[in-house]
Amino acid sequence: MKTVLIPIPQIDFDPTEVSVPWKVLKENGYKIIFATPSGTSGEADFRMVTGKGLGILSPVLRAKNDDVLLYRELEKSNEFLNPKKYESVKLDSFDVLLLPGGHAKGMRVYLESEPLQKLVGNTFAEGKPVAAICHGVLLAARSKNPKTKKSSLYGLKTTGLLKSQELLAWNLTRAWLGDYYRTYPTPLQDEVISFLESKVDFQEGPMPVARDSFSNIKPGFSVLDKSYLSARWPGDAHKFAYELPEFFG
1 MKTVLIPIPQ IDFDPTEVSV PWKVLKENGY KIIFATPSGT SGEADFRMVT
51 GKGLGILSPV LRAKNDDVLL YRELEKSNEF LNPKKYESVK LDSFDVLLLP
101 GGHAKGMRVY LESEPLQKLV GNTFAEGKPV AAICHGVLLA ARSKNPKTKK
151 SSLYGLKTTG LLKSQELLAW NLTRAWLGDY YRTYPTPLQD EVISFLESKV
201 DFQEGPMPVA RDSFSNIKPG FSVLDKSYLS ARWPGDAHKF AYELPEFFG
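With UniProt numbering applied, the sequence shown corresponds to residues 1 to 249, in that order.
Any given hint might turn out to be false.
As the list claims (entries may be wrong) - DMTMM-like cross-link-like pairs, simulated, lysine to aspartate or glutamate; straight-line CA separation at most 25 Å:
id	residue 1	residue 2
1	Lys-31	Glu-126
2	Lys-26	Glu-243
3	Lys-239	Asp-225
4	Lys-23	Glu-75
5	Lys-239	Asp-179
6	Lys-239	Asp-66
7	Lys-147	Asp-225
8	Lys-52	Glu-73
9	Lys-239	Glu-79
10	Lys-226	Asp-190
11	Lys-84	Glu-43
12	Lys-157	Glu-112
13	Lys-150	Glu-79
14	Lys-144	Glu-197
15	Lys-147	Glu-191
16	Lys-90	Glu-112
17	Lys-149	Asp-201
18	Lys-105	Glu-191
19	Lys-105	Glu-87
20	Lys-150	Glu-75
21	Lys-144	Glu-126
22	Lys-26	Glu-112
23	Lys-144	Glu-204
24	Lys-144	Glu-112
25	Lys-23	Glu-43
Stated by the list, open to error - Simulated DEER-style distance windows between Cβ atoms:
id	residue 1	residue 2	range
26	Asp-179	Met-207	23 to 29 Å
27	Pro-206	Thr-50	28 to 34 Å
28	Ile-56	Ile-33	36 to 42 Å
Derived by calculation from the structure, the hints in this document are not laboratory data. Don't be surprised by glycine CBs; every beta carbon is placed ideally from N, CA and C.
Please model the entire structure based on the sequences and the hints provided.
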């Protein structure tokens, strides 16, 4: 039985990008370890869970009802309630790594954590499988492979939250939510590309119009390159999750 490490921030992670892969991996017999900055259980972005503050756009922007139910199930699980602290996780304590995302400001602690970036870089260097979705891709890009002294994603193909998606959500909501959808002033896609060997290594995929689901993964998009799997947003999460058991082995 392989062990999957899923690091998350203390608050503001995306509920779909964590709970959907968690459910699929649990059903396929994987042992799961969560890690947070404090070593206490985290909390998803409340706007994505409840739709509060999203106004008339709530049905489009918040997590789908089925995925919220999965998140409520995740909240009660033993592994979620008993996470490790970032600094306490050892490279030999897990076999594969899953990096979920989210966009609200609470994500910054996760994305900027030096211990976590070091762990991610060492995981890539060891050749262990790494899967990342949305802002998890940014964490992977910011981590440095100690063998190459370059970004862990240098020389790999990837996808991630598209600039067009990020700016659209921001423009639709900034009148009342300000920069809620801007994790950083620089869009994720632009920053990730800055770490890659070539800008063409960032693959946008088809226009992300509809979200995928367990019953219809066709709208989902992911990119596989060697021992690295990536996806763009919650709308890819079900396809991404279904691919994890085969990818992780």
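Tested hints:
1. Lys-31 to Glu-126: OK: Lys-31 and Glu-126 at ~20 Å, within 25 Å.
2. Lys-26 to Glu-243: 14 Å, holds
3. Lys-239 to Asp-225: Satisfied, since the Cα-Cα distance of roughly 16 Å is no more than 25 Å.
4. Lys-23 to Glu-75: 12 Å, holds
5. Lys-239 to Asp-179: 29 Å, violated
6. Lys-239 to Asp-66: Holds - the C-alpha atoms of Asp-66 and Lys-239 are around 15 Å apart, at most 25 Å.
7. Lys-147 to Asp-225: The hint holds at about 19 Å.
8. Lys-52 to Glu-73: 20 Å, holds
9. Lys-239 to Glu-79: Holds, at about 23 Å.
10. Lys-226 to Asp-190: Between Lys-226 and Asp-190 the Cα gap is close to 23 Å, so the pair holds against 25 Å.
11. Lys-84 to Glu-43: Roughly 15 Å between the alpha carbons, so the hint for Lys-84 and Glu-43 holds.
12. Lys-157 to Glu-112: With Cα atoms ~22 Å apart, Lys-157 and Glu-112 stay inside 25 Å; holds.
13. Lys-150 to Glu-79: 33 Å, violated
14. Lys-144 to Glu-197: 14 Å, holds
15. Lys-147 to Glu-191: 22 Å, holds
16. Lys-90 to Glu-112: 19 Å, holds
17. Lys-149 to Asp-201: 19 Å, holds
18. Lys-105 to Glu-191: 17 Å, holds
19. Lys-105 to Glu-87: 21 Å, holds
20. Lys-150 to Glu-75: 36 Å, violated
21. Lys-144 to Glu-126: 12 Å, holds
22. Lys-26 to Glu-112: With a Cα-Cα distance of about 28 Å, the restraint between Lys-26 and Glu-112 is violated, given a limit of 25 Å.
23. Lys-144 to Glu-204: 23 Å, holds
24. Lys-144 to Glu-112: Between Lys-144 and Glu-112 the Cα gap is close to 13 Å, so the pair holds against 25 Å.
25. Lys-23 to Glu-43: 17 Å, holds
26. Asp-179 to Met-207: 23 to 29 Å: 24 Å, holds
27. Pro-206 to Thr-50: 28 to 34 Å: Cβ of Pro-206 to Cβ of Thr-50: about 30 Å, so the range 28 to 34 Å holds.
28. Ile-56 to Ile-33: 36 to 42 Å: Given a distance of about 40 Å, which is inside 36 to 42 Å, the answer is holds.
Going down the numbered hints, you'll see the structure goes against 5, 13, 20 and 22, while the others check out.
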